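Those protein sequence lines, which keep their order, are chains A and B. Using the UniProt record's numbering, you'd call the opening residue of the first sequence number 1 and step up by one each time. Using the UniProt record's numbering, you'd call the opening residue of the second sequence number 1 and step up by one each time.
For the record, the hints were derived by calculation from the structure and aren't laboratory data. This one's a predicted model, so the numbers in the text were calculated from it and none came from an experiment. For glycine and all other residues, C-beta sits at the position ideal for the given N, C-alpha and C. Incorrect hints may appear among the rest.
For the chain B half of the interface with chain A, some residues (derived, Cβ under 8 angstroms), not all of them [said to hold, decoys possible]:
1. Met34
2. Tyr172
3. Leu205
4. Glu208
5. Ile302
Protein chains: 2
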Amino acid sequence: MKKTTHVPSNLTKLAKDFQSIDQMMTMLPVLKKMPIIDISEVLSLMENKDLFTVLCEFPISEQGEIFAEFPLVKQLSFFQQISKKRFSKIFEEMPSDARADLFQILTQQEQIDLLPFLNKHIRENVLALSSYPADTAGGIMITDFATVSRDMSCFEAIQKVRQDAPSKKTIYYVYVVGEDQTLVGFITLKDLIIAEPDVLVNDELHTEFVFGYVDESSESVAAKIDKYELVALPILNSKNQLVGIVTHDEAIDVIQAEHTEDMERFMGIISNNEELDYNQTSIFDHFKKRVFWLVTLAIVGIISGLIIHSYEGALAQMMILALYMPMVADTGGNAGSQSATVIIRALALGQVNMKSWFAILWKETRIALMLSICLGVLAFAKVVFLSWETDIPAAYSLVAIGGVIALALSLQVISSTIIGAALPLIVKKVGGDPAVVASPAITTIVDISGLLIYFSIAATFFNLK
Amino acid sequence: MKKTTHVPSNLTKLAKDFQSIDQMMTMLPVLKKMPIIDISEVLSLMENKDLFTVLCEFPISEQGEIFAEFPLVKQLSFFQQISKKRFSKIFEEMPSDARADLFQILTQQEQIDLLPFLNKHIRENVLALSSYPADTAGGIMITDFATVSRDMSCFEAIQKVRQDAPSKKTIYYVYVVGEDQTLVGFITLKDLIIAEPDVLVNDELHTEFVFGYVDESSESVAAKIDKYELVALPILNSKNQLVGIVTHDEAIDVIQAEHTEDMERFMGIISNNEELDYNQTSIFDHFKKRVFWLVTLAIVGIISGLIIHSYEGALAQMMILALYMPMVADTGGNAGSQSATVIIRALALGQVNMKSWFAILWKETRIALMLSICLGVLAFAKVVFLSWETDIPAAYSLVAIGGVIALALSLQVISSTIIGAALPLIVKKVGGDPAVVASPAITTIVDISGLLIYFSIAATFFNLK
Numbered sequence: 001m002k003k004t005t006h007v008p009s010n011l012t013k014l015a016k017d018f019q020s021i022d023q024m025m026t027m028l029p030v031l032k033k034m035p036i037i038d039i040s041e042v043l044s045l046m047e048n049k050d051l052f053t054v055l056c057e058f059p060i061s062e063q064g065e066i067f068a069e070f071p072l073v074k075q076l077s078f079f080q081q082i083s084k085k086r087f088s089k090i091f092e093e094m095p096s097d098a099r100a101d102l103f104q105i106l107t108q109q110e111q112i113d114l115l116p117f118l119n120k121h122i123r124e125n126v127l128a129l130s131s132y133p134a135d136t137a138g139g140i141m142i143t144d145f146a147t148v149s150r151d152m153s154c155f156e157a158i159q160k161v162r163q164d165a166p167s168k169k170t171i172y173y174v175y176v177v178g179e180d181q182t183l184v185g186f187i188t189l190k191d192l193i194i195a196e197p198d199v200l201v202n203d204e205l206h207t208e209f210v211f212g213y214v215d216e217s218s219e220s221v222a223a224k225i226d227k228y229e230l231v232a233l234p235i236l237n238s239k240n241q242l243v244g245i246v247t248h249d250e251a252i253d254v255i256q257a258e259h260t261e262d263m264e265r266f267m268g269i270i271s272n273n274e275e276l277d278y279n280q281t282s283i284f285d286h287f288k289k290r291v292f293w294l295v296t297l298a299i300v301g302i303i304s305g306l307i308i309h310s311y312e313g314a315l316a317q318m319m320i321l322a323l324y325m326p327m328v329a330d331t332g333g334n335a336g337s338q339s340a341t342v343i344i345r346a347l348a349l350g351q352v353n354m355k356s357w358f359a360i361l362w363k364e365t366r367i368a369l370m371l372s373i374c375l376g377v378l379a380f381a382k383v384v385f386l387s388w389e390t391d392i393p394a395a396y397s398l399v400a401i402g403g404v405i406a407l408a409l410s411l412q413v414i415s416s417t418i419i420g421a422a423l424p425l426i427v428k429k430v431g432g433d434p435a436v437v438a439s440p441a442i443t444t445i446v447d448i449s450g451l452l453i454y455f456s457i458a459a460t461f462f463n464l465k
Numbered sequence: 001m002k003k004t005t006h007v008p009s010n011l012t013k014l015a016k017d018f019q020s021i022d023q024m025m026t027m028l029p030v031l032k033k034m035p036i037i038d039i040s041e042v043l044s045l046m047e048n049k050d051l052f053t054v055l056c057e058f059p060i061s062e063q064g065e066i067f068a069e070f071p072l073v074k075q076l077s078f079f080q081q082i083s084k085k086r087f088s089k090i091f092e093e094m095p096s097d098a099r100a101d102l103f104q105i106l107t108q109q110e111q112i113d114l115l116p117f118l119n120k121h122i123r124e125n126v127l128a129l130s131s132y133p134a135d136t137a138g139g140i141m142i143t144d145f146a147t148v149s150r151d152m153s154c155f156e157a158i159q160k161v162r163q164d165a166p167s168k169k170t171i172y173y174v175y176v177v178g179e180d181q182t183l184v185g186f187i188t189l190k191d192l193i194i195a196e197p198d199v200l201v202n203d204e205l206h207t208e209f210v211f212g213y214v215d216e217s218s219e220s221v222a223a224k225i226d227k228y229e230l231v232a233l234p235i236l237n238s239k240n241q242l243v244g245i246v247t248h249d250e251a252i253d254v255i256q257a258e259h260t261e262d263m264e265r266f267m268g269i270i271s272n273n274e275e276l277d278y279n280q281t282s283i284f285d286h287f288k289k290r291v292f293w294l295v296t297l298a299i300v301g302i303i304s305g306l307i308i309h310s311y312e313g314a315l316a317q318m319m320i321l322a323l324y325m326p327m328v329a330d331t332g333g334n335a336g337s338q339s340a341t342v343i344i345r346a347l348a349l350g351q352v353n354m355k356s357w358f359a360i361l362w363k364e365t366r367i368a369l370m371l372s373i374c375l376g377v378l379a380f381a382k383v384v385f386l387s388w389e390t391d392i393p394a395a396y397s398l399v400a401i402g403g404v405i406a407l408a409l410s411l412q413v414i415s416s417t418i419i420g421a422a423l424p425l426i427v428k429k430v431g432g433d434p435a436v437v438a439s440p441a442i443t444t445i446v447d448i449s450g451l452l453i454y455f456s457i458a459a460t461f462f463n464l465k
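Next up, chain A with everything else stripped away, as it sits in the complex:
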């Protein structure tokens, strides 16, 4: 038990406290034994010049791997301060997906400066991979994988894999391709090891397999890796030729980014589908992501104002109604957001499907009934026991007023819960992402329905205005 994940955070502290290059060199033997990710975390804190010196102490293949784990902005600034010829060596050793990601953010001139130093194979690979949008399977796949042909023996296949392997990131699945590179099946490394050496690959071949297409969304690809518990998913072009694989760790990154996107959307923040860091996003970009919904909903809020305006007379006659307006509006907003959250997650995890929409709404209605009874009783008690100071018209007792407000709140909870549950289903039905049903939007909608319920019930019972 020598190195653990606890050490790096100390080292990170060290690297921060003693940033002199000499001290880093002293730490080098310890550093070299750590996982690549941790080495990268420590080195990314250094100045580019010192970083270069330290990086040169690692074998060239590790230089690429360590560099690939730096944040993109760090990669870019390092790239800009080092000779392109020297950099090309590091670049060639980076995983193909990280290479394409960096290449995509270079200016055209920077790309032109770098390309001549790359060997032909790498150059073509970079140009091909960086042509795919970041949110497609093509944008997240790597091109290092092992292939064999079906007429090899398992022994020959292992020999082939052994030969190719050092340059492959993942060889747990060995893909079996025809002469035209179309994917005919796969065989796991485990199968190869277990099989008798002279058995043909063809006999162990899995011809039924899950795959993705290059232009498929990264989210769909990640969902397949999740569902089928794969270590990697083969990616095909339109001719069914194998062009790359997406690995399980990419799938986790996609799922994490999707979560951020869902949560932001649900809070009325416009998500631009790029995996951006909070700190790296400028204040103006943060502003742009948030302002649209805030302004839109404030405009829609005019309707609430108009409703209150039309009941101004009623309000003047019975001022106590103003006191409980926020409670009715807020409770409705909360209940609606809750049911929307539950339905959005259930849809995202595939726990409910569109066919059962009636059953879902019926279930939500029954839940809402239980909630409305609790909250109605609470509202009644609040009005009766806490309003002794408020002037009320002599014609009505506090109990009657409490009853009416409790009834209004109960109806508001029921309608809000149903609206909150129905909106994601409707959005899904018309082909949208249910997560766009933002909680602020629900709040604003049920505010309007709530005020209508509240005032129309009060006006009816008390003959106001």
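Got chain A; can you put chain B on it based on the hints?
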């Protein structure tokens, strides 16, 4: 290109439409070629009696795998309708984690009925695994892994793995243990294949590795698998002995469940940390998860009522203030929820740390300033252009009133954004999960601060009451 992921959904439809056992038997050859997950999806729709007949058509090892993928309630009902002796054969072939999960939900009597039919090794394994809480590493690990000792040659190691492998779910990492079963390092299957056959395992050994402990939280273990991009993470007991591994697909499940939990908590739904299905959760359980926050916040809403009550006189003098109350409250709630969402995600993804809390709040303040200008201008325009019908006191112009309401809204947006950003940081500081800062709670808090800002500014400028 024969079977793809598109077929299963059709088959699911088929299984639903023609539930006769004969038709299912006809489909069997097609079914058998599908991935286990898909077979399981189709079969889970059948009646237990028919299901048993169809299941018997599969090899016994696949019976366990297919059965393990059924929802837990289906597993339970099947278990209850079949002889325990026959069931023990299926049970023994299930992955060890799925076995423990089912065992944990059996009644004590059911456990006692099943145990005698299990072989000794499996019985001990089930009892050991089911003793770990579901949200710890022990609760999600599997006990099938490959171990070798360091003095073996790579050739011998491969022979050992070949021998053991059929019973191991994952052999991509081969663990190297000492005589007392303490973990001394690992070697990947890839290393073994690439190495010359007579090289000692000891020479290829990775002695620096990431691991987890049995009592560590499942979320912490999943985060390690994510960070270090592992296919599996070794799990040790307090004596540093290797007792299990957690695989990458479990990590995805944990991350998904964690996200549901975060989102539910954020919407004021009490999350009970169990991965429950929407449909399988009873109405009463749904009710219980939601009612606590709704009632609590409705009670806290009393404060809003008291504030309005104390400004009743002001409201009566200037009824136009009532019209813009919802806009101020809602916009504040939305702005606060947005900043809280952004900070909670940034904390969850490790993009910001507690040391930079001042920088975060300063950044949020500047974003809020930009938002407040937009919304202030909007509020001013609303008041000036849409309030011609409302009676206002002769002493003040609509422009003056618009200016005051715009100022109040701007201050509300700024204070709400800062409150929304600060609350998760405070919760994290005192050691809690930032995601418990529920959006409904923020809404309620900024409602109170908003009403105070709104009425105190209006009262000051217009000398009300």
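Hints, verified against the model:
For Met34 of chain B, the suggested interface contact is upheld, since its CB lies about 6 angstroms from the closest CB of chain A, less than 8 angstroms. Interface hint at Tyr172 of chain B: satisfied, since its Cβ lies 5 angstroms from the closest Cβ of chain A, which is below the 8 angstroms cut-off. With 8 angstroms as the threshold, the beta carbon of Leu205 of chain B stays out of range of chain A, its nearest partner Cβ sitting at about 12 angstroms, so the hint is violated. Given hint, Glu208 of chain B at the interface with chain A, holds; its Cβ is 4 angstroms from that chain's nearest Cβ, closer than 8 angstroms.
Residue-level restraint check for Ile302 of chain B holds (minimum Cβ-Cβ distance to chain A is 6 angstroms; threshold 8 angstroms).
The structure does not agree with numbered hint 3 stated previously, though it agrees with all others.
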